[in-house]
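**Student:** The hints should help you fit chain B onto chain A, whose structure is shown.
Line by line, the protein sequences give chains A and B.
For this note's numbering, count along the first sequence from 1 and bump the result up by 5.
For this note's numbering, count along the second sequence from 1 and bump the result up by 365.
In case anyone wonders, no lab produced these hints; they're calculated from the structure.
Honestly, I wouldn't trust all of these hints.
Chain A regions said to be covered by chain B (calculated; three or more residues, Cβ under 8 Å) [claimed, not checked]: (1) 23 to 36; (2) 161 to 169; (3) 261 to 275; (4) 280 to 287.
Remember, predicted model here, so these are calculated numbers, not experimental data.
Virtual Cβ for every residue (Gly too), placed ideally from N, Cα, C.
So you can see what is in the structure, the chains are spelled out below.
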Amino acid sequence: MSSTTWRRVARRILSMLGTLLGVAVLVFIMLRAIPGSQITAGLGTEAAALTPEQRAALEAYYGIDKPLVVQFFGWLGNVLTGNLGFSSSSQVSVATLTLSALPVTFELAVLSILLALVIGIPLGMLSASKPDSARDALGQVVGLAGLSVPSFLLATVLMSFLSAQLGFNPNGEAYATLLEDPVRNLRQMLLPSLVLGFGIAAPIMRTTRTALLDVRSQDFVRTARAKGVGARRLQVRHILGNALVPIVTMTGLQFGYLLGGAVVVEQIFSLPGIGRQVLLGIQAKEYAVVQSTVLIIALSFVLVNLATDLAYRIIDPRVRAE
Amino acid sequence: MTIDVVDTTEALPARPGQPLRLLLRSRSGMAGLVIVGVLLVVALAHALGLVGYDPLAQMATIRLQGPSAAHLFGTDQFGRDVFSRVAAGVVNTTRIAVVAVTVATVVGTAMGVVAGFYLKGPDAVISGVTNVLFAFPPLLLALSLASVMERNWFTVAVAIAIVYIPIFIRVARGPVMSLREIEYVRAAVSTGQSRLAIMLKHVLPNITSIIIVQVSLSLSWAVLTEASLSFLGLGTPPPAPSLGSMIYEARTLMYVAPSTMIAPGVVVVLLVVGLNLLGDGLRDALDPRNRGVS
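This is chain A alone, in the form it adopts within the complex (with noise of 0.2 Å):
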């Protein structure tokens, strides 16, 4: 690689590092915004009758004593090495309970996104194979339903009917690893990657439509056409391959959405997932485990977006030459 372009890397590297640092002021900011303490939050009315020298040995003893800048530094550096600190509900640290939590959401992002490219990308090509034909109207109502149901609707209603009509519950068990029974976590992922799979089908389908309506309309396939390429050569390697760039925009775009957006989903159907993380951590009222789980998530959406940049260059030798 040429100076210029590790140059590059460098600023585009650094600019991540100053997000990610106004990221963790707006979410320490924002958690330090809550009405109501973690000590009100464990104690509840209880904690009314504190006397003022137990209210001090127990603000001392959670840390939040001290003025907020030095809060904020001490948080930064045990995160900056490796501490994300100790969740007290569930007893164990927040790196345990993430490091268990991010290959659940993790699996169900993959499945979700595979579902979303399997159902979107043919139904995007069908569309345009012949705009505004009684195909084109039938993939656009796919999306527009897909782009409409709200995944917690669609989620409620399945589960409740599918285990009341057929006894199908498979997240009614206790949630077993990929590893661990791989036939039980491949059930309880189904639905929840169907669900959120239709909802993403619809706007990959979308941007596969327009992005190949655009190519198609382009000089270089007609002059590709004229010049005798064959059909299938054509609408894979000239029209397909040259839509691809806003696809893959999409795809990961999406898929980083899903890293923290399964909350709802994750939350339905019982799976511990990152997102189910911060939404416990945010009705205990616990600090450590909201900061560090959201600060991971962000980290893993700003990794994606890079990864999705990157993929433009494999995939087009135009921004590659740039």
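**Tutor:** Coordinates of chain B only, in the frame set by chain A:
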């Protein structure tokens, strides 16, 4: 959940009046307008006390009834009229969505115009903030923000607005960057007009059409977010009816009283479908490539 971002590569002024005619001619735009219109008219009629009952009134003797002439969508587990609750829920959700998107539009567009027009320092600061907000998955950000603030409908709206501000910044900033190089803007700068006047008179009118499209697409997403937050128990606080929390409560009643699930479910889908169709119609109507087609 997806955030649709308008393609901002082309920002040309639309002739006034024409987009509206094009919107009325587009089938999806019309369909969207009708769906949203009907839902809002019914909801407002209920809000004015013309139809239905008090959405909070509990009638112990008529719990979990099916649809009837008196109770169009039946009653829930407390004997409350489901139709009235759905109607009030639509008002609630729409109010939050409209306030959220309005705040996001005003703040985001202003920041985007400033960033795109001045570049350098202001742009660095605004783009930095944008990058930070974009580093969160949207629902997670709305969720974290909503959980932090004291819960009432306005803070939920603010939480959703903050998520949407960076989108409007990006949508506005791009075209403004190219607009500042256009001759009449440079001419205005060289004649010594104030920056504020130039931004308001020459820049803003040229990006209205993209902003309008983004507004209508954002509304559908804001409705979905409010419903998701309420479903998780972090949206509109009870007992005020909300479509999301109604669906949450109905999940165990689906077989006893199906209408408690079907009514809010169908209405939330219709509302979002309507707003999406309206957005698509507006996008087609305001797309410069469709202009001049008669």
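**Student:** So, against the hints stated earlier in the document, which numbers end up violated here?
**Tutor:** none
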